[in-house]
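Asker: Build out the structure end to end from the sequences listed, making use of the hints.
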Amino acid sequence: MQSGYFKIIVAALALCVSVNAFSADADLDALRAAIEELRSDYEGRIAELERRLTVAEQNAKQARAAPQPASMGATRTAAAASGNAAFNPAIGVIFQGNAWRHGDDPDSFYIPGFPIGGEAGPISEGMSIGETEIDISANVDDKFTAWLTAPIVIEDGEPKIEVEEAWIETTAMPAGLSLRLGRFFSGIGYLNAKHQHSWDFADQPLPYQAFLGDQYLDDGLQVRWVAPTDLYMEFGTELLNGGRYPSEGSDNSGFGAQSLFVNVGGDVGTDNSWLAGVSYLDASAIDRPSGDEDDPLLFTGDSAVMTAQFVWKWAPNGNWKQKNLVIQSEYMWRREDGSYTLPGGSVLAYDTRQRGWYLQGVYQPFPRWRFGARIDGLSANSPGSAFDGTLLAVPDDDPMRYSLMTDWSNSEFSRLRFQYTRDEAGILDDNEFGLQYIFSIGAHGAHSF
Amino acid sequence: MNRIFATALLLLLSATSSADLRIFACESDWASLAQTIGGEHVKTSSATTAFQDPHYIQARPSLIAKVRRADLIVCNGAQLEIGWLPMLMQKANNRDVLPGSSGYFEASSVVERLEATGDLDRARGDIHPEGNPHVQVNPHNVLDIAKVLSERMMLLDPENAATYTANFSRFDERWRKSMLEWERKAAPLKGTRAIIHHKSWTYLADWLGIEVVAHLEPVAGLPPTPAHLSGLVAQFKNGGADFIIRAPYQDARASEWLSERSGIPAVMLPLSVGGTDRAEDFFGLFDDIIDRLLGARAE
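The listed protein sequences derive, respectively, from chains A and B.
Counting from 1, one number per residue, gives the positions in the first sequence under the numbering used here.
Counting from 1, one number per residue, gives the positions in the second sequence under the numbering used here.
Wrong hints could be hidden among the right ones.
[Unchecked claim] 16 Å max Cα-Cα, derived EDC-like pairs, lysine to aspartate or glutamate:
1) K147(B) / E181(B)
2) K143(A) / D96(B)
3) K323(A) / D172(B)
4) K143(A) / E169(A)
5) K43(B) / D230(A)
6) K190(B) / D172(B)
[To be verified] Chain A residues, not near chain B, derived (Cβ > 10 Å throughout):
7) V140
8) K313
9) L435
Hints in this document: simulated from the structure, not taken from any laboratory.
Heads up, the beta-carbon is just placed ideally off N, CA and C, and yes, glycines get one too.
Answerer: This is the structure in C-alpha cells:
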C-alpha cells in the first residue's frame, strides 16, 4: 500500500512539473490527455491494490478463526501495556484554583469553642490557586506498589513543594491482607482519605475542620484485611507517628496515634449501592497548637475521635454516566482530655465531649451537571466557666453551615464549580460565594467509591 | 464487635468450602462466555449489565468483595475499565488476579485491536491509545477470546480441564456454523453507512463492511451537544447514511432527534449480552444485531 501512495505522489509531482512545462505552450488538449492517461493508469492500480488488500484481510480473518496452537493462556498482542502502566511511572497533575468572596475577613475567622488546627480554615479571599498536585505512582515490582502526592503550594508568597502522601503498599500478601507504609491519609471516616480534587464541595464539612484539621494525614503503617464474603467487609488498623493535628507534638513518644476502622457495603438491586463504616482514632498531643497562628492555644492530652458514616448511591439501571444521586452523612464524637495552655501562659485542665456531623446530597440529573446541598454542624459540652472569654468557650447557638453547589464537568478531567455557603459557625454570620476549577492532565487514578 | 468477627468467621468458613472456579467478568459478555465454557464448574458474576456504560462504573463495595474472592478476572481491557478496575484491585487485596498473573485476562489482548493509534491527546476525547476496546461485536474476535479463555480456565482448574475442552469444542463448532449464517444473512449490509453514537461499533462495522460516516459524540466519550447534532442534521438531511446506531445504555434522545430530522432510521443494538431480550447469550446477541440492522434497512 505504501508503494502505491509513493507512486501517486510521484505522479502528482510529475503532473506539477508537466503543468509548468506545458503552460508556456498552452497545449491544453495534450495536457488533458496526459492527465487522463495517468488517472486511468493509477485508478487501475489502486483498484488492483484494493482487491489485494481485501483478499489479505479475508486471509487474516480466516487465520484468526482457525484453531490456534494451545498457548496455555498466553496473550498474542505484544502491545499489551495496560492502563496506567502504559507509562512508568504514571504521572498526573491536578490544577485547582478558587475565586472566593467572604462577607467577613477570613483572617479573623474562628469557630467559638472549636479552635481550628492543622490545614483547616476558610478558603482565602479573592483569586488564588490552591494546591497544584503532582501525583506519581507505579508498581515497584511484583510485590509492591508506590504512590507520591507532591503538591506545590504557595506559602507566604513563596512556592514550596510538599510531600503530602508518600507510601508503598504490598500487592502480594496472602489471605486478603495488605500493608501500607509511609505517609498517608488515615482510613478513618469516609472523607478523610479522599483527595481534595474529588471533594464534592470546595471545603471540608465542619467536623473534619474542627476535629481532624481538614484531613488527618500522618506517617506510619496501615494493615487492611478484606473478608472473603459476599458482603463487603473491610477491617483496618493504623499505627501513626503523631506528628500532625489532631495528634501533634507526640511524634517523639513512639506511636502518637492508633486507629481502627471497619467498613461494610453492598448493592440493593442494580440501582443502589451503599457503604457504612465506623472508625476510632486515639491520638495523643503535646503542645498542639490551634486557634490564632501567632498566638495559639496549646493542648496536651488525649484526643479520641469516633466516626460513623453512611453513603448511599443511586443510578437508574446502575448507569452512572446518565443520572445519579449520592446521599452521604457522617457523625463524629470527640473527647479531648488534658490541659490547655492559654496565650497568656495559664494552664487549665480540659475534659470535653464534642459532636459534629454533616448530611449532603449531590444529584446529577443529566451528564455534565451536578447539583448539591450540604448542612453541617457542631456542638459541645461546656469545658467550664474557667474558659469563659477564651476561644474554647462554647457558644449559645451550635455552629451551623448551609451550602449549595453546582458544578459542570466537560469531561472527567475538567470541572468548574460554583458554591454558596451560609456560615453560621464563625464568630459572625457570613455569606460566602465562590468559584472553583479542578483540571487534571496525565494519568488519573481510579476513584474510590 | 465479637459478633461481627464471629459472623465474619462463619462466612469465611462457608466460603472456602466451595471448589468452583470463581470468575469475575467486567462485562456480561465474558460472564456468559465463561459460563458456556465452564458449565457447572464455574461461578460467574458480571460487574456491569448491558444497560451500563462500562467506562463509568463506581468501584462499589460489592465489586470489591467479588474481586477479593475471584480466581479469574475477565475484562475487555485496553483501558475500558481504567476508571474503576484498578481501584477494585487495590482495595480487594487479591494477589491471584493482578495484571500479569494467570488470574487476569484482558479479552482485547488476544485480538487485533483497531484504532490503536497511540494517540494520547485528550483534545480528541476520552481515547484509548491501545486501541478500541469494544472488541466483542465481531464474532471472529469472540472465537479467539473463547479459545484463550478456555485455555486459561484449564490452567487454573486442571481437574475440570476435560469439561472445559469439551464445552469449548462444542461452542467452537456451533459458533463457526453461526458465523457463516450471520455473514450470509448480513451480506446486504455491506457498503451501508452508519452514524454511530460512540465508537462502540467499530469492530461490527469492520466485520460487516459497514462504513461509519459520523459519530453523535462530538469527541469520544463526551455526550452529544446540540451544536454537534445540528451540524449532523445539516450534513445528513438529504440522506448519506442508512442507520443511526446506539447501545442500550446510551441516551436515546440524541439518535431519535437526529432520526426525526434526517429520516434516517435510529436503531438500538445490544452491545453486550443481555442488552435485549433476544441477546440472552452471544448467539442471540449477533442474531439480534443482524436482524435489527436488516429490519432498519427494509424500512
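Asker: For every hint, state whether the structure bears it out.
Answerer: Going through the hints against the structure:
no.	hint	verdict
1	K147(B) / E181(B)	21 Å, violated
2	K143(A) / D96(B)	12 Å, holds
3	K323(A) / D172(B)	40 Å, violated
4	K143(A) / E169(A)	8 Å, holds
5	K43(B) / D230(A)	13 Å, holds
6	K190(B) / D172(B)	25 Å, violated
7	V140	13 Å, holds
8	K313	6 Å, violated
9	L435	22 Å, holds
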